[in-house]
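Participant: Protein chains in written order, with the working numbering: chain Y, 140 to 746; chain X, 75 to 414.
Hints are computed from structural coordinates only; laboratory data are not their basis. Bear in mind the structure is a predicted one, so any value in this text is a computation, not a measurement. Treat the hints with care, as some may be off.
Only pairs whose alpha carbons sit at most 16 Å apart, straight line, appear in this in silico EDC-like list of lysine to aspartate or glutamate [stated by the list, open to error]:
#	chain 1	residue 1	chain 2	residue 2
1	Y	Lys416	Y	Glu394
2	Y	Lys365	X	Asp414
3	Y	Lys416	X	Glu383
Calculated Cβ distances over 10 Å to all of chain X for the following chain Y residues [what the hints assert, rightly or not]:
#	residue
4	Pro263
5	Ala505
6	Asp634
7	Lys717
8	Lys739
Note that CB positions come from ideal geometry on N, CA and C, so glycine has one too.
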Amino acid sequence: MKTTKKLERVTIRFAGDSGDGMQLTGTQFTRTTAMAKNDLSTVPDFPAEIRAPAGTLYGVSGFQIQFSSEMIHTPGDQADVLVAMNPAALKSGLRYLKKGGTIIVNTDAFTSRNLRMADFEDDPIDNGFLEGYEVFSVEMTRLTKDALEGLELTHKEKERCKNFFALGMIYWLYNRSIDPTLAWIEEKFHKKPVWVEANKRALRGGRNFADMTEIFTVNYEVPEAKIEPGIYRRITGNEALSLGLVAVSNKSDVEILYCSYPITPASDILQHVSNYKNYGVKSFQTEDEIAAIGAAIGASFAGNLGVTGTSGPGFALKAEFAGLAVICELPLLIVDVQRGGPSTGMPTKPEQTDLMQGMYGRNGEAPIPIIAADSPADCFQTVYDAARVAFQFMTPVLILSDAYLANGAEPWRIPDIDAIPEIKPNFAEPGKPYLPYERDDDSLARKWALPGMPGLEHRIGGLERQENTGNVSYDPENHMRMTEIRAEKIEKINDFVEGPELHGSEKGDVLVISWGSTYGTVRTAVEQLQRAGKEISYIHLRWLNPLPKVLDTHIKNFKEILIPEMNMGQLSQLIRSKYAIDAKGFNRVTGQPLVVAELKEAIENLL
Amino acid sequence: MADKVSSKPQKVNFGSDQDVRWCPGCGDYAILSQMKKVLPELGIPKEKIVFISGIGCNGRFPYYLSTYGFHTLHGRAPIVASGVKLANPELSVWIITGDGDSLSIGGNHLMHLIRRNMNVNVILINNQIYGLTKGQYSPTSPLGKVTKTTPYGSLDRPVNPLSLVLSAGATFVARTIDRDTKHMAQTFREAAAHNGCSFVEVFQNCNIFNDGAFQQLTDPKTKQEKLVYLQHGEPLVYGAEKDKGLRLNGFEAEHVDLANEQDRESLIVHDESQSSDVYSYMLSRMTENTELPTPVGVFRRISHDTYNENFLRQIDAVKQKKGKGNLKQLLISGDTWSVD
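So that you can see chain Y by itself, here it is in the shape it has in the complex (with noise of 0.2 Å):
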């Protein structure tokens, strides 16, 4: 007699090889369980390899997916069930597992070799390593096999099939349908006849197999979510920047010019805005991230918005253009996809460990204004504000992402594109008395006159200019008075963006700062905690530079401020100096997302 659980909420992580299609089932799983109206969160886990040797553990790619009833804010931190393709998937994957909780593996792929590959001296299925845990065994590749007799293909390829049986018991696990993963098949696959057939029977033999079989006794069921009415889909943080860019050139009527070098974890971005060419948005692929910046910088001035993407290590190779675009005072937008460093680092993983490149990684003073995203879906918003924000301030910004952003994927409520409020750049009018650096009083943004433009001719330059008029000039007191418009220039924008939001009471014990990917784990992490009747609060910023004036006030109804980075204390450090105040740091430089117990704890120490 086989029962149905309830459950609140489920964090899978399926590994394999990184030639198993592990990023695919997890897609699928991903996809199926949104319209079943859960509320979920994904992150993938790969290597930076591109085809690192089969067996391997560092060969293992994960994905990890939490879905809900609730609303959830992370891909969960760890595990409840982990289907391990291989030894190696295992071995790497009970890092994310938790106590006690379920393993599904493969039993095929433990051969003596793949054993080897991954460091075990024997079988871990049958020696107590895996004790404690509820462990089941299926003979993955056989049963595929088994299941596609008969059709034309060979072994091997009929063992490529074994992800879609994994899918498919992990769908009768959770009682999902397999329809939507069925259709998808024959839309992906249509050329290939033989391929919908084989892909089908597997998915559908692991959902037969799992439901007959004696080996499971349970399935759960995950309640719908109260999710708001709207259109979705499925997106992540590369996707959606592409599209606010998209978005961005469409309501400001100004072309947008892409350029970027291919860098993990940001080369997503150039990839989806090259299919964008009739969309206003142009995409040049650059000889180096030099000139990647340069021809933005040269697209701005020429009446475009110059967009140059990257990551870490390119952004240290953009410095010095970065600040020619300050003192020059042009529109312009850099997104730095952050990632493990220092130097090349960890390509494909997340850190938040370029804030302080951000703010003072130029020569001379410098100001940029920076805007980090906080999930996925938040990059396109993030992407819109800091246009705007370039647009109306005459200024470059910098946009922070970082790989698990880039990677990570969440439901997406389409927005009301006729709701989203039109930009207006700032331009000159031709006809109009001209000079290139006068200013607006409120905004102390400059004019943007383009080529083209008759009457406006001016020269811009990467010398100090005499107010006003921008001719060069080395005076004392105007290079004074300049650094001094170029800093205050930065500090309005206060003005015009709308302030971080406090979560929780006003005054409290624990005041939690945070900023960029980290908010789905704070946000749940302070939630849980002023649920158990902790006196906690939190600010996610958007901004950090300018840092909010909201930010004063609140600072001081604390009797302490913890600030959680996936680094050595950046923003602590700006927040520490800005405000002179001892705040607390929780700094993980990892690889991997803040864990939700870990941040707990850390809160908990300081009441």
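Fit chain X to the known structure of chain Y by using the hints.
Facilitator: Relative to chain Y, chain X alone:
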């Protein structure tokens, strides 16, 4: 968007109100002066001309013109110019650069600008020295050159700018000299007329840090023996009495005394439009053989697709095929589902 209304081209003063601050006697004055002379002849309204420079003494060039101008970073003018051209292809874009700027720190961008055949004009002012930093050797300084950083002589093999750009696939390559103003003006005109990346090397005398570097090419007593003017369809003849010529010996040029008419028939007839770059490359190497005269004029001029035109063409083709993109539809594309 950019104002598309443009005034009729007119004889206007292309000089700005800024004081020109180069050293007295600097070759840049002549270059600026010829540029100001040529620009009004091009029939391009002033607002559609953009001058972009890097760092070096010549980096100030844009400030001394009344067109749009951008004084950018060391070595980076070619890539900023590329961004300008891709943003607004209607602009006439000029890059002012130097031997240090484009052959050393910015070598990479120059190579890629040339290979893309972006329709811009590059004026590379070569004085074989770092002037703005006050007298260190440059990538075009000859071997053994004694400068402040090479008190015992330079060990660096110099780069040959024209060989470099020819190897990168240049479609218009020319050389001129600061002292020969008429030739320089004509070369600028030809560069402006070329649809594609025009590369002009200007030998320029830095009278402070490298005075006389090109003296043999400019001194009336020697220049006719040391220069050969390239003219399309004409034999390569030089000398005060036009009594010397150049003919091919294998893949090299060699000099011939034109004692009789027969010798004339063996001369190389200059053909700037050869599809192969072997010939123009050979001409570019002649500076390394002191026996041979230095060529000036247009080395190579061929017609080739430009990146900027193909860039627009591709966008137009996508628009033709898919129609103007609809943002609403784009956002709703992909895997969607609705929640009621």
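Participant: Which of the numbered hints above does this structure break?
Facilitator: Violated hints: none; all satisfied.
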